[in-house]
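Listed below, chain by chain, are the residues.
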Amino acid sequence: MTRWQITAGRVIDPAGGIDRVTDLFIADGRIVALDKAPEGFTADRVLEVPGQVVCPGLIDLSASLREPGFEHKASIASEAAAAAASGITTLCCPPDTDPVIDTPAVVDLISHRAAAVGLVRVRPLGALTQGLGGERLSEMAALKAAGCVGVTNLLWPIRDTQLLRHAMAYAATFDLTVFLHPDEPWLRGAGCIHEGEVSARLGITGIPEVSETVAVARDLALIAHTGVRAHFCRLSTAAAVGLVAAARADGLPVTADACAHQLHLTEIDVSDFDSAFHVLPPLRTQRDRDALRAAVADGTLDAVCSDHQPHEAEAKLAPLPETEPGISGLETLLPLTLRLVDDGLVELPDALARLTSGPAAVLGSEAGTLQPGRAADVCIFDPDRPWHLDPARLRSRGRNTPFAGWGFAPRVTHTLLGGELVHAMDENR
Amino acid sequence: MSASLQVDAAGRLRHFLDVEGLSRQQLIEIMDTAESFAGVGDRSVKKVPLLRGKTVVNLFFEASTRTRTTFELAAKRLSADVLNLNVSTSATTKGESLLDTLRNLEAMQADMFVVRHGESGAAHFVARHAAPHVGVINAGDGCHAHPTQAMLDMFTIRRVKGEFTPLTVAIVGDILHSRVARSQIHALNTLGVREVRVIAPQTLLPPHVEQLGVQVHHDIVEGVRDADVIITLRLQRERMDGRLLPSKHEYFQLYGLTESNLSTARPDAIVMHPGPINRGVELDSGTADGPRSVILQQVTHGIAIRMAVISMVMAGHAVEATA
Numbered sequence: 001m002t003r004w005q006i007t008a009g010r011v012i013d014p015a016g017g018i019d020r021v022t023d024l025f026i027a028d029g030r031i032v033a034l035d036k037a038p039e040g041f042t043a044d045r046v047l048e049v050p051g052q053v054v055c056p057g058l059i060d061l062s063a064s065l066r067e068p069g070f071e072h073k074a075s076i077a078s079e080a081a082a083a084a085a086s087g088i089t090t091l092c093c094p095p096d097t098d099p100v101i102d103t104p105a106v107v108d109l110i111s112h113r114a115a116a117v118g119l120v121r122v123r124p125l126g127a128l129t130q131g132l133g134g135e136r137l138s139e140m141a142a143l144k145a146a147g148c149v150g151v152t153n154l155l156w157p158i159r160d161t162q163l164l165r166h167a168m169a170y171a172a173t174f175d176l177t178v179f180l181h182p183d184e185p186w187l188r189g190a191g192c193i194h195e196g197e198v199s200a201r202l203g204i205t206g207i208p209e210v211s212e213t214v215a216v217a218r219d220l221a222l223i224a225h226t227g228v229r230a231h232f233c234r235l236s237t238a239a240a241v242g243l244v245a246a247a248r249a250d251g252l253p254v255t256a257d258a259c260a261h262q263l264h265l266t267e268i269d270v271s272d273f274d275s276a277f278h279v280l281p282p283l284r285t286q287r288d289r290d291a292l293r294a295a296v297a298d299g300t301l302d303a304v305c306s307d308h309q310p311h312e313a314e315a316k317l318a319p320l321p322e323t324e325p326g327i328s329g330l331e332t333l334l335p336l337t338l339r340l341v342d343d344g345l346v347e348l349p350d351a352l353a354r355l356t357s358g359p360a361a362v363l364g365s366e367a368g369t370l371q372p373g374r375a376a377d378v379c380i381f382d383p384d385r386p387w388h389l390d391p392a393r394l395r396s397r398g399r400n401t402p403f404a405g406w407g408f409a410p411r412v413t414h415t416l417l418g419g420e421l422v423h424a425m426d427e428n429r
Numbered sequence: 001m002s003a004s005l006q007v008d009a010a011g012r013l014r015h016f017l018d019v020e021g022l023s024r025q026q027l028i029e030i031m032d033t034a035e036s037f038a039g040v041g042d043r044s045v046k047k048v049p050l051l052r053g054k055t056v057v058n059l060f061f062e063a064s065t066r067t068r069t070t071f072e073l074a075a076k077r078l079s080a081d082v083l084n085l086n087v088s089t090s091a092t093t094k095g096e097s098l099l100d101t102l103r104n105l106e107a108m109q110a111d112m113f114v115v116r117h118g119e120s121g122a123a124h125f126v127a128r129h130a131a132p133h134v135g136v137i138n139a140g141d142g143c144h145a146h147p148t149q150a151m152l153d154m155f156t157i158r159r160v161k162g163e164f165t166p167l168t169v170a171i172v173g174d175i176l177h178s179r180v181a182r183s184q185i186h187a188l189n190t191l192g193v194r195e196v197r198v199i200a201p202q203t204l205l206p207p208h209v210e211q212l213g214v215q216v217h218h219d220i221v222e223g224v225r226d227a228d229v230i231i232t233l234r235l236q237r238e239r240m241d242g243r244l245l246p247s248k249h250e251y252f253q254l255y256g257l258t259e260s261n262l263s264t265a266r267p268d269a270i271v272m273h274p275g276p277i278n279r280g281v282e283l284d285s286g287t288a289d290g291p292r293s294v295i296l297q298q299v300t301h302g303i304a305i306r307m308a309v310i311s312m313v314m315a316g317h318a319v320e321a322t323a
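In order, the protein sequences belong to chains E and P. First residue of the first sequence? That's 1 in this note's numbering, and the numbers climb one at a time after it. First residue of the second sequence? That's 1 in this note's numbering, and the numbers climb one at a time after it.
Be a bit skeptical, because a hint or two may be false.
[Said to hold, decoys possible] If we take Cβ atoms under 7 Å as the criterion, some of the chain E residues that face chain P in the derived model are:
id	residue
1	E195
2	G196
3	A200
4	L202
5	I204
6	F273
7	L317
8	P319
9	E322
[Claimed, not checked] These stretches of chain P come out as covered by chain E in the derived footprint (C-beta under 8 Å, 3 or more residues):
id	segment
10	42 to 53
11	142 to 152
12	249 to 263
Don't read these hints as lab results, they were simulated from the structure. Cβ coordinates follow ideal geometry from the N, Cα and C atoms, glycine included.
Construct all of the structure, not just a fragment, from the sequences and the given hints.
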């Protein structure tokens, strides 16, 4: 295995409180030292990265890979390449596959294909209920044994609150984290965009803020009651962030994330019926967006994720309410998150914490740090190498992005996975 | 937003998708053009040769009798060939089939699509993806817009009342689900009426409705006080299932147009309804057939307005083609 000396970069390891220009040494797929080479170390390759940032490989808490079942949208191979090019070294894939991830066989299938591709560590989330049907508990112990890092029912409704309570209690029994997508199904109804000024004008059924807050309030009570470890996914409203912050202040050990596009877009963006902005949870008000940004800055939100949902072109070619929600987000995760640094809301190490140590803590993972002894998953990016997003040049098979034409400053130059180079920037791309 | 999609740089209509985004001048031009067509139906030969050789496709994804028929008559009176397509939407691949349907019709050299669809934004979608030589007219999209209905209502108001600026207009009923109401509100505000009011229980009003430029009333007697025009909206059957309203009986008591509920309106106030009427729900027969009612004039005016819009959009494309 290659022995690396990564030299002259600004090494930022939020977990270790490190932020200085120094050298990083890698051998046998692991970080072996910082600052000074261990005795007897000779590098096979020296990577000089002056002016660049060297940080732990990014951890994305949600990226749909579409395999098995939706290979017309994307594949594990295509999306793993997109992740590697984006500095992501660990990603959680949700169980929105066909068949859903509710048996060890599906976990094994995904793990084997991901291992064969080898560009990113894929950590499946299992289904909380069989088939995501919301009626019968999944075999959570078996799912955990097969490698699932948590269980979730995504946005598939569990209408029976007693069943949700039992699901949490059962997950707690096996020390599994439950990933909750707070959404009260009756209140969401046939809603498609945020219920507010824009939905009133466009005549599109709205999803009210209370569909999220009612669910968060109910879930918090059930978390306290069952003692399950829980993570709130994709919070979209200021009020929900407030509820989670208050619960944490009361000592409830819950974590939460938002997705990167929610930090930049609002309901106003859908006022032209542009299906590229059709996402779930919906884009909310500017007030909500500002609260999410503040919560990322102050750590109320532990992680920012891509909520990557690649689609074929046809999925978005219909009147807005009939289109499939979701954004192809892997390749904008880092630049969108770091925009908060440019906007003066957060320091770079704290922003990187939401992409590394924060999600690592949610997963209880050893990844997300450059501490000696850990796997050498490293992201190296140039913080000031401007580029424009051209959907045709995305590596993901999903070209469904609302950020076409946006200019970004940071660009990933190298990604190392377990000490192997899995991405090096192509100057011509 | 839609302004750029439906209006070219010179201010000509390329498509007619939405009242929102059009200027007062443009709305007046539509009504003036309709005025010039209003007499055509009274002649013995009810045709003008304006669109000879052009093909207008009525693309209706939702059932409609009145709107489709008046669009058909309007196009025929302009001497266009008319194709009526009632497309039922397949549950699985609606979006694909809509786009495929468009491509097929374009291949048949259609010049104009008149689109009615159950989803808001459908006409915008069609306009965005149609070939450049094809004009698109929105005949109702979801709960979003029904601009020709709104314009025929404005035309009717202008013919009866003359001026818009002194008028107080009250719209009664299911604003939440009404594409007609949304287009009327935009049109009335653009034409500069003194006040637009909406009258409904909270369950039939969209949140933030006041942002559309309306005063909100829950009590009809207060809401129609000194109003010059009272528009009542059709209440769809599925709204009466007990989730939004307890019963049609209570709705009629509280929001039905009856002489007693209209007692505070101006003596010369007119009553309008986009049809079809549910007698005994939105209004009683005495009001529907009474001296205040202009409901049948609305239907007649629908043909003139649709002739105006079809000819203007077709002309917008003719100019583009020669340029």
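A quick look at each hint next to the structure:
no.: 1; hint: E195; verdict: holds (6 Å)
no.: 2; hint: G196; verdict: holds (6 Å)
no.: 3; hint: A200; verdict: holds (4 Å)
no.: 4; hint: L202; verdict: holds (5 Å)
no.: 5; hint: I204; verdict: holds (5 Å)
no.: 6; hint: F273; verdict: holds (4 Å)
no.: 7; hint: L317; verdict: holds (6 Å)
no.: 8; hint: P319; verdict: holds (4 Å)
no.: 9; hint: E322; verdict: holds (5 Å)
no.: 10; hint: 42 to 53; verdict: violated (count 0)
no.: 11; hint: 142 to 152; verdict: holds (count 4)
no.: 12; hint: 249 to 263; verdict: violated (count 0)
In this structure, the earlier hints numbered 10 and 12 are contradicted, and the remaining ones agree with it.
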